Structure formats: structure tokens, C-alpha cells
Amino acid sequence: MTFGQATLEAMQFAMDEDPSVVVIGEDISWGGNFGQFRGLVDRYGHDRVVDMPISESLIVALAVGASAAGLKVVASMSFVEFTLGAMDEIVNQASKFRYMFGGQTSVPIVLRASDGIRGSSGAQHSSSLEGMFCNVPGLKVVAPSNGNDAKGLLRAAIADPDPVIYLEHKKITGQRAPVTEGDFTVPLGSAAVVREGTDLTVVSYSNMVNHALVAAEQMATEHGVSVEVIDLRSLIPLDLDTVARSAMKTGAVLAAHESWAVGGFGAEVLAQVREAVPQQSALRTARLGAKTAPIPFSPQLEPAVVPGVAELVTEMRRLLAV
Amino acid sequence: MTTTVPDPALDPAQARDLLRRMQTIRAFESRVEELFKAGELPGFVHSCAGQEATAVGVCSHLTPADYITSTHRGHGHAIAKGISLGAMFAELYGKATGACRGRGGSMHVADFSIGMLGANGIVGGGFGIATGAAFAIRYQRRPDVAVCFFGDGAVNKGTFHESLNFAGVHQLPVVFVCENNRYAQFTAASRTTAVTDISVRAAGYGMVGESLDGNDLLAVLDAAGRAIARARAGEGATLLNMNTYRHSGHYVGDAEEYRSRDEVANTRDTADPVARFARHAVDTGLLTADDVAAVMAEVDEAVAEAHRFALDSPPPDPAGALDDVWTVGVPR
Numbered sequence: 000m001t002f003g004q005a006t007l008e009a010m011q012f013a014m015d016e017d018p019s020v021v022v023i024g025e026d027i028s029w030g031g032n033f034g035q036f037r038g039l040v041d042r043y044g045h046d047r048v049v050d051m052p053i054s055e056s057l058i059v060a061l062a063v064g065a066s067a068a069g070l071k072v073v074a075s076m077s078f079v080e081f082t083l084g085a086m087d088e089i090v091n092q093a094s095k096f097r098y099m100f101g102g103q104t105s106v107p108i109v110l111r112a113s114d115g116i117r118g119s120s121g122a123q124h125s126s127s128l129e130g131m132f133c134n135v136p137g138l139k140v141v142a143p144s145n146g147n148d149a150k151g152l153l154r155a156a157i158a159d160p161d162p163v164i165y166l167e168h169k170k171i172t173g174q175r176a177p178v179t180e181g182d183f184t185v186p187l188g189s190a191a192v193v194r195e196g197t198d199l200t201v202v203s204y205s206n207m208v209n210h211a212l213v214a215a216e217q218m219a220t221e222h223g224v225s226v227e228v229i230d231l232r233s234l235i236p237l238d239l240d241t242v243a244r245s246a247m248k249t250g251a252v253l254a255a256h257e258s259w260a261v262g263g264f265g266a267e268v269l270a271q272v273r274e275a276v277p278q279q280s281a282l283r284t285a286r287l288g289a290k291t292a293p294i295p296f297s298p299q300l301e302p303a304v305v306p307g308v309a310e311l312v313t314e315m316r317r318l319l320a321v
Numbered sequence: 000m001t002t003t004v005p006d007p008a009l010d011p012a013q014a015r016d017l018l019r020r021m022q023t024i025r026a027f028e029s030r031v032e033e034l035f036k037a038g039e040l041p042g043f044v045h046s047c048a049g050q051e052a053t054a055v056g057v058c059s060h061l062t063p064a065d066y067i068t069s070t071h072r073g074h075g076h077a078i079a080k081g082i083s084l085g086a087m088f089a090e091l092y093g094k095a096t097g098a099c100r101g102r103g104g105s106m107h108v109a110d111f112s113i114g115m116l117g118a119n120g121i122v123g124g125g126f127g128i129a130t131g132a133a134f135a136i137r138y139q140r141r142p143d144v145a146v147c148f149f150g151d152g153a154v155n156k157g158t159f160h161e162s163l164n165f166a167g168v169h170q171l172p173v174v175f176v177c178e179n180n181r182y183a184q185f186t187a188a189s190r191t192t193a194v195t196d197i198s199v200r201a202a203g204y205g206m207v208g209e210s211l212d213g214n215d216l217l218a219v220l221d222a223a224g225r226a227i228a229r230a231r232a233g234e235g236a237t238l239l240n241m242n243t244y245r246h247s248g249h250y251v252g253d254a255e256e257y258r259s260r261d262e263v264a265n266t267r268d269t270a271d272p273v274a275r276f277a278r279h280a281v282d283t284g285l286l287t288a289d290d291v292a293a294v295m296a297e298v299d300e301a302v303a304e305a306h307r308f309a310l311d312s313p314p315p316d317p318a319g320a321l322d323d324v325w326t327v328g329v330p331r
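Going down the list, the protein sequences come from chains A and B. Just so we're aligned: 26 in numbering that gives the first Met the number 0 is position 27 of the first sequence, and the numbers increase by one with no gaps anywhere. Just so we're aligned: 94 in numbering that gives the first Met the number 0 is position 95 of the second sequence, and the numbers increase by one with no gaps anywhere.
Excised from the complex, chain A in its bound form (with noise of 0.2 Å):
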């Protein structure tokens, strides 16, 4: 099943367990952008699977309110872009509602965002903003990398009682995998050693985790490299003790993702874990991220400034001088 079906699941065995879930969204009844929404409003109706306007600032409020009075709404913000119009409720509002006003209330709402590059879909239909809202305290950020975990982290993320960012890579929506049948939870917070290694660790999530992992095979057969390949799954709460674990033990760690470099989540990672592992331990680190540009259209230009296999490649070895 696709990446996207399996997100769907994971709504619906939300859904059927607590009528209090409720789905809003621009498009919503017709599935949405890439029809991860498909069906839902057949089943559940217009009441539950509501069309929201072009009113970005309101889709955030409403879920704001909403939660206030006791539902727990997911919202689709469709492209991670049409979030930045909410930003002010993002930030402002959901983020700081329980510890502004003293735990009185808690904000159990999932947005929804597809991001990452596609191919030429342009500067504003093609980025990863997972660096800002790491940076705003009281949400959680979740980016998975496969079908399996989406449904998983989906479920989660759903029954979390704080506000949860949830990113999905739009090239990868569309992907099939083989997903755990009947309903499951991937926990917020649990990072997956998805290839283990000795030499080098690559931290990474969303879709630049299944590059890590071509990468990592050619570093193998190419220069004999062991990689191992942490697939953080949740960024915020970040699972240190894994990454620290690694990096512990290959002395050497590669924080990759497709969002900018400077000020991206890969620096923060390798700051705790420079902050997590002793003093006197030889770290070696570096960090891969887009160039720091708009992402561009043309076929030639985007992967000029976003990284792939390629780089990944050029950057483990310039990092193992191998």
C-alpha cells in the first residue's frame, strides 16, 4: 500500500475510536492534494470531514478553539508553504496555549503538511520547514520516512494531547511499501536504526533517510565503508539516546536533510550530541542540508541546491577521508 493509504488507516482507526476527531482541510472531501483523505468523508461525513475555505489562519484557529471545547481536530494544511499563513496561530496560539495559561488546557491538534521536493514544483510548493517549527517550544515535529511509520507516527501523533506538526515528503506519498496490517502506534520520540553500521552514522528523517540508505549500500560496495542509518522518525521529542548511542560507537556522525543547511535541525542534532557524548571523545561531524536558496524549478537547477545520494556519497567520504 501507498505511504498515503497508509496514513488514511491510521485516520480511520482514529476516527472510529474517538468520535471527537474531527478532519478539516482545503479540498478535504475530495482527498485532499495527494488523496490521503480519500473516502474519509464518505464514511464519516460532512460534519467530521469538513471543507474548509482558503483560509489558512482560520484552518489553525478553529483547530485551536475547537480542541478548547474538546474535539481533537486534524487539519490538513495541504503544502508545508500554506502553513507560514498561520504561522501567527501556529506559533502564537497553539504552541503556547497550555504553558501561557498555566496548564490549564492542552491543544491536541495534528496539522498535516506535505513538503520536500517532487520534482520543479518550485520555490513555493517545494520546501521543508521542519527547522522553524523545531524551534518554537510546545509543538511536537513529526517527519516519517515510509508508509509503515506514517501510519504508526499518524496514530500517535493523533492521540498525543499536544500540538503535533506532521510532515510528510511529497514524493514519497505516493510510494508503495509493505505496511503492518490492523492498528499500531509508532510512539513520538523513538528514533529507528534502519541500516546498522560501524564506521559512520547519518542521522536523517523524512525522505532523505531512504537516499541515506542507497548511499549507504554504494559506501559499502564502493569503499568499504559500514554506515549506519538512524531514521529519527520524531524530531521533536528528538530521541538523543539513540543518536548518542551511535555516535558513541561509529565516532562519527553525518546529520543530513533536505531543508536548508544553515540554521537546520541537522546542526541542532549534532549540538546535543556533542553536548550528549563525553568531553574527551573524538567526534568527528558534518552536516548536509540544501544550499541556501529558494528551491528552484528547473529540472538542472534543483538538484544544484537540494541534496541526494550524490552528496550524501561526497560527504561521507570527505568525512572519513576515504
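Worth flagging that the hints you see were computed from the coordinates, not collected in a lab. Treat the hints loosely; a few may be bogus.
Said to hold, decoys possible - Listed below are several chain A residues computed to face chain B (Cβ distance under 8 Å; list not exhaustive): (1) Val21; (2) Leu61; (3) Ala62; (4) Val63; (5) Gln92; (6) Cys133; (7) Pro186; (8) Ala190; (9) Ala191.
The structure displayed is predicted, hence computed values, not measured ones. Idealized CB from N, CA, C, for every residue including glycine.
Following the hints, complete the assembly by docking chain B onto the known chain A.
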């Protein structure tokens, strides 16, 4: 346009209660203003003195199951909705016993247990939240309503349009109450808003709009009562433009260079909602002058007691500064 107000046939007990609640807001704001000017209170405060009738008149029709969203000028709304005066005073001091345990302060006073979903430091922040609460009420098939208080400065935010449109589409049980005090921060509404009678915008959202004298408690009671009854009956949202005036500046200590001393003095004299209602109650025989004096004294004591509670309360423990960032988990 100002509506003609039928006498709501108050009885003396109701009149006394309404006066007490308006005077509580007035006395609270006066005390806060004094304390702030004396350097006793941290941060900064926005006084709603002069706008008591809108808060009390609207909230008189609400139960604890109904919701309100408020603004940066939110003390009156919180008091009118029934917040503990002591918890609110303590919050202004940032004390552990504050309504928000000292995390919010004046601009974020809230009491979710009585449906007071927070004063809000973001102008226009309440539109969507109130609309969301009304959406939930509708979904849960409850008889309750949500009321969104906002100032005339908020009506040029996109959230006004986004929220009223949606409330209109779905005929949600929400009442939008514009406390039109004629100034958006320092700038006269006439310089920033094309049509200053906000109620006419209701037509664009398919809802009822009405403009009234927001310093006349009886007019507020009447218009709000009808709007809230419509909402409870499933007849949709209402936009009320209540003309009022704030006695203090945008914030306490504001030099107020944007309005003349004469304008402030004249408006205070002619449009003070508390004095006006007290006069009405005495003139119509609802209350005696002694009753009014007794209410004033009772309120002064209540505010003094709330202040003592705040002063006697302990500060929050800094060890708890990271509590409640999340409900589950503690950030690194």
C-alpha cells in the same frame, strides 16, 4: 445607527448585581492603574475602564459552559465571566496562585473552567478560536455559545474575514462583539478603517449586524440577549458593533498624544457606563442612593481583599519554569 432599547424590566437584585459587576471592573482597573504607576506591578497593563458595560452586559447572558475569547484589554471580560478576583490579581503579580500560575500575566489571563479562553496579546487572535469553540459546540450538539470580544483595531486583520465568513457559512453559535473605542492603539479608526460602523460588514457574511451604544448597559443587555438567543436557537452568528470609549490610554502610562484632554474628559463625563447605569437605577427607583453607596463599598473591600491575596501569595518556583510546555514529556 443606535437601537432604541426597551426597558429590560430589571428587578432590584439584578440591578444591584449588574452594578456590582461593572463597579468591580472599574475598581479593579483603578487599583491596577495606581499600582502600575507606582511601579508595583511587573510588565505592562491595558485598562478597560470605561468599557465595563460591554463585558458585563454580554456576559450576563452566559453560563460557565459558554465560551468567551478576549483581548489584550481583557480584565473586564474575565471578571464579567466570573474569574476569581484574587487569582486574577495574583496573575498580574506573576504569583504561583495566579489564574495562570504566573505564566501569563495581564495579557493572558484565562480560566478555562468557566469558559474564559484567554485574554490574548495578538490583536485579532480570538476570532478563529471563538469560531472553533462554536464549531465544537455545534458538532457536540450543545446548547452553548461562544462570544468573541475584539476591538475596532482588530477588524482589519485577515482573521476577522476568515472567521466571520466561516461562521456565516455554517451558521455557527458565535457572537462577535466589537468594542469600538475609536482608537486602534494610538490611531483613530477613521484613519485606518474605511467604514467605522463595523456592523455593516455583517451583510457580507450572511449574518445579523447591529450597532449600539456600548456605554449603555441596557442597550448592551438587549442586543446581546437577542444575539445569544439566536445563537442558542441555531439561527447563526451575529456581529455587534458596540460604541464605547476607554478612559485610559492604549496602555497604562501611554502619553495619549493622539486624543485631546477635552475629548477624554467630555466623554468620561457623558458616557461613563457605570455612573450612567447607577443614575438610571436610582432614577427609576430600582436602587436607592444608599444601595449604590453600599455596592461601591462592598466592591472596594472585595478588590482590596483580592490585592491582599496577591501580595500574600508566594512567587512561582523557578524549578517549574519548564512545566507544561507539553502535556506529555518535558523538553530538553
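Status of the hints after comparison with the structure:
| no. | hint | in the structure |
| --- | --- | --- |
| 1 | Val21 | 7 Å, holds |
| 2 | Leu61 | 4 Å, holds |
| 3 | Ala62 | 6 Å, holds |
| 4 | Val63 | 6 Å, holds |
| 5 | Gln92 | 6 Å, holds |
| 6 | Cys133 | 11 Å, violated |
| 7 | Pro186 | 10 Å, violated |
| 8 | Ala190 | 14 Å, violated |
| 9 | Ala191 | 19 Å, violated |
In summary, the numbered hints that this structure violates are 6, 7, 8 and 9.
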